[in-house]
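Enquirer: Listed below, chain by chain, are the residues.
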Amino acid sequence: MDLIGKLAIQLTQMLVVLLLAPLLTGFVRKVKARLLLRQGPPLLQPYYDLIKLTQKEAIVAESASWLFRVAPYLIFSATWVAAALTPTFAIGLLFSWSADLIAIIALLGSARFFLALAGMDVGTSFGGLGSSREMMFATLAEPALIMIVFTLALIAGSTELSYVAAFMMSPAVGLRVSLGMALIALVIVALAENARIPVDNPSTHLELTMVHEAMVLEYSGRHLAMIELSSQLKLLLYITLIACVFVPWGLAPSAADFSTHVLGFAAYVGKLAAAGLLLALFEVTVAKMRIFRVPDFIGVALMLGLLATLLRFMSRGL
Amino acid sequence: MPVAVFLMGDALLFALALAAIWALRFRGASSFVYAVSLAVSLLLLGAAATRLISADAPSVLILPLGLPRIGAHFRIDALSAFFLAVVNLGAAAASLYALGYGRHEHEPGRVLPFFPAFLAAMNLVLVADDAYTFLLCWEVMSLASWALVMAHHAEPENARAGYVYILMASIGAFALLLAFGALAGPDAGFTFAAMRAHPPTPIVAGIVLALALTGAGSKAGLAPFHIWLPLAHPAAPSHVSALMSGVMTKVAVYGFIRIVFDLVGSVDWWWGIPVMSLGATSAVLGVLFAQMQSDMKRVLAYSTIENIGVVFIALGLSLAFESGGYGPAAALAMTAALFHVLNHSLFKTLLFFGAGAVLTATGARDLGRLGGLLNRMPATGLFVLIGCAAISALPPLNGFVSEWLVFQAILLSPSLPVWALKLMIPAVGAMLALAAALAGACFVRLFGIAFLGRPRSAEAVGAVDVDGFSLTSMGVLSGLCLLTGIFPGVVIDALAPIVRGLVGANMTAQDAIPWLSIVPIAESRSSYNGLLVFFFIAFSALLAAFVIHRLASSKIRRAPAWDCGFPQADPVTQYSAESFAQPVRRVYAGFAFRSEERIDMPPPGDLRPARFEAPLHDRAWELFYAPVIAAVQAVANRLNGLQFLTIRQYLSLVFGALVFLLLVLASWT
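Protein sequence lines correspond, in order, to chains U and Z. Counting from 1, position 266 in the first sequence corresponds to residue 266 in the numbering used here; the numbering is continuous, with no gaps. Remember, the numbering used here sits 318 above the position in the second sequence when you count from 1.
Some hints could be false.
[As the list claims (entries may be wrong)] Between beta-carbon pairs, the in silico distance windows are: (1) U/Ile184 <-> Z/Phe884: 38 to 44 Å; (2) U/Gln55 <-> Z/Leu360: 53 to 59 Å; (3) U/Phe246 <-> Z/Pro520: 46 to 52 Å.
Honestly, the hints are just simulated from the structure, not real lab data. C-beta atoms are modelled at their ideal positions from N, C-alpha and C, and glycine is treated no differently.
Use the sequences and the hints to build the structure in full.
Expert: In structure tokens:
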């Protein structure tokens with residue numbers, strides 16, 4: 001019974017992240033539009049876009065290789081697996097032991113690896129530009145993430161996300177400076193990794209400084225749909241990650257009854273909405289950075305992460 | 319499996335080296351030599367694997383060769399068996415690959431005799447059990463590989479590479495000689511058994527550590543002794559490059575482990591610090607320089623420095639834990655180091671084979687002349703892609719597992735009692751994470767520029783896939799990369815007896831854990847399951863593809879590239895290797911390369927072309943080597959005058975020297 005319950009939670013979670021991801025993007029776009037006093041597209045527009053894209057034929061450049069056609073599915077599956085292993089509304093995920101936080105980060109790294117390769121596959125200057133910049137950002141963002149994981153792992157005594165979340169819900173955690181640093185660092189990395197505004201602009205296509213959109217420029221039809229869905233999943237994943245570590249309240253514990261799970265789900269939707277609201281608010285108030293300012297920005301995250309880890313190392317001995 | 323089996327195999331290889339000289343006059347010489355080396359390597363691999371699994375007591379053999387009254391001692395234990403397996407796996411793969419690749423060799427006489435000798439020497443280093451035999455085989459290994467580096471000596475670059483290599487190899491061997499001398503002590507106990515029986519005093523042990531780091535580290539390519547490596551490894555024929563990078567560096571790691579963990583015995587608290595800091599420096603510098611190279615094989619050679627750095631970080635962690643008395647943690651770090659040794663030998667050999675295949679198909683190593691090869695060489699492309707993903711530490715491949723284990727070991731270090739280590743290890747962790755991320759960027763660049771995009775030269779347009787032998791060899795290695803990635807528990811269990819022998823503890827048996835997960839300490843701390851991750855990724859990708867092709871469109875149309883509505887027909891407009899590296903160079907320039915961009919823009923009306931330069935500086939060269947070279951030069955210039963003295967001056971010089979030496983002798987007693 002326990003196994004079936006856990007399996008049900010795991011499957012629900014996989015479907016929930018898949019179904020909610022476009023809605024979150026639509027919500028952020030809508031809020032941004034309203035903040036700019038525009039009407040904005042309907043809340044469900046991302047779903048319509050995805051369905052329409054999958055119906056169209058895919059146009060593939062003549063110079064493209066098989067990698068170009070395979071990459072969207074690999075990117076999608078790596079992101080989906082990572083998102084499915086991050087607790088959304090309940091802690092007791094059946095497969096959470098198959099990949100810890102470091103592995104989840106590495107899964108996102110795999111998705112990035114194939115996305116950057118796909119950008120270079122057609123052999124256009126825009127694609128290479130996007131890939132090279134994306135990888136440069138990643139060289140700073142990934143160590144920053146690892147440092148954040150170190151901090152969390154040293155506080156919670158585990159790199160397993162379920163255990164970290166459970167520890168964060170317990171009264172043992174308290175208010176800690178290193179946690180604050182890790183939160184700021186994680187927010188910075190999340191902004192950079194999701195190509196949000198101070199680093200990249202998700203709503204432009206013809207700006208010289210674009211990064212993410214430059215890589216996917218050649219994609220169309222179902223391939224583009226897969227890539228769009230994966231980047232929506234990635235945004236959801238980062239918000240979920242921040243929520244389950246820093247605001248874990250409402251997460252249903254592993255042996256909870258059905259009503260607790262419903263409550264957890266409601267709390268999760270509320271957290272997503274709040275995060276989306278904050279993200280939109282942040283994006284309309286700041287300007288995009290010049291490309292070589294970005295390393296300084298992500299570097300702050302890396303330094304904060306390192307500092308937080310050092311703090312944990314030091315305080316352990318006292 | 320007694321040690322005699324291995325000695326017989328090595329003797330066979332030496333005989334093959336001699337036979338190769340005789341066989342050169344026949345047309346099938348190349349196939350003959352590589353086929354026999356393949357057979358012998360496979361036999362030795364089988365013997366080593368049997369020895370590893372059976373875990374017998376060490377087997378010893380003494381031959382009446384070598385130093386009088388001592389003889390030549392040979393011994394095989396679990397550590398030797400593991401490294402023998404790594405070496406012979408690489409040797410077998412290289413021999414198989416060379417069955418096809420070797421046919422393109424235009425100077426077989428400079429390769430065929432040395433190849434089996436090189437294999438035999440590496441094998442012998444691993445079973446040597448006294449200092450004399452060890453050093454002798456070590457030197458044969460260096461010389462054989464030097465001859466292979468010089469195979470194409472007509473190219474001035476290779477001649478320089480060979481010169482720098484032989485110099486650095488001599489310095490390394492000299493350091494090892496001193497290390498063994500210090501260990502042997504005044505009683506001249508040159509057998510390893512005598513050294514184990516008489517542990518040195520702490521001061522002597524510290525000196526031995528420094529000498530072992532210099533000697534073995536210079537062979538392994540540890541910064542700042544790495545300068546020869548990116549010159550020498552690419553200069554050799556590709557299957558030898560693969561052996562040098564993938565396998566010979568591992569023999570050096572073996573030398574370090576043998577001396578520091580086995581012969582010295584006791585460990586001081588500070589030993590981890592130099593090992594880890596050199597490791598972390600190598601990791602980051604190696605991969606940064608790899609990112610800047612446009613020669614495919616040189617990228618791989620620099621990346622070897624990075625991976626050796628990762629191994630030494632793990633070894634340093636193991637030393638730190640061992641000195642603190644944390645057995646399980648030391649075992650975890652040591653397992654990670656040995657696992658990475660195996661992984662690196664797999665994917666680096668594979669990648670060098672890939673570079674060799676590209677070289678055969680296009681005649682070019684320069685990334686600026688490649689491009690679009692995935693369409694023309696699909697099989698090679700797939701294997702190299704797997705290698706690139708594995709070396710970039712992407713799950714579910716093998717590179718990720720060993721780096722994950724190192725991270726887990728780092729997370730155990732706050733319990734260490736020493737403050738210096740506590741301050742240092744988080745920084746080492748950050749450097750390791752930085753190196754891993756940079757490796758991803760580096761291999762996206764390597765694969766993206768060489769295999770993706772449009773061809774940049776006529777040779778790349780006409781490239782076709784290589785012969786079946788080479789492809790089989792690459793296929794086997796990429797299969798092993800995947801297998802060790804999804805069944806890491808098997809490898810960890812196989813390493814357990816070696817680790818127990820070295821640090822006195824081992825990781826918990828992984829075969830008892832359900833679902834083939836790996837759990838370093840406890841499941842509540844961390845666990846990873848490569849098989850499930852692989853299954854999930856494959857399943858969800860297939861599911862997505864199936865659903866979309868079934869329920870939505872599966873039509874495809876080929877069309878010219880869009881490129882934002884303004885496509886450029888010339889392949890030169892693509893991103894090049896240099897432009898791809900530019901953001902990383904800019905961001906890390908001051909810190910690592912001391913690079914400044916120089917733009918020479920002629921004034922209007924001047925027809926001179928504008929120039930852009932961004933020179934890179936290797937700080938290790940400028941800090942450590944350039945001053946020494948300058949000093950030697952200055953002293954030589956000064957002493958040059960001694961050649962032009964009169965006879966009276968010479969006589970007085972001799973007299974003065976005599977008096978001086980007599981005075982020294984008199985005051986000595």
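Enquirer: Does each hint fit the structure? Answer for all of them.
Expert: Against the structure, the hints:
no.: 1; hint: U/Ile184 <-> Z/Phe884: 38 to 44 Å; verdict: holds (41 Å)
no.: 2; hint: U/Gln55 <-> Z/Leu360: 53 to 59 Å; verdict: holds (55 Å)
no.: 3; hint: U/Phe246 <-> Z/Pro520: 46 to 52 Å; verdict: holds (48 Å)
Hint check: no violations occur; every hint is consistent with the structure.
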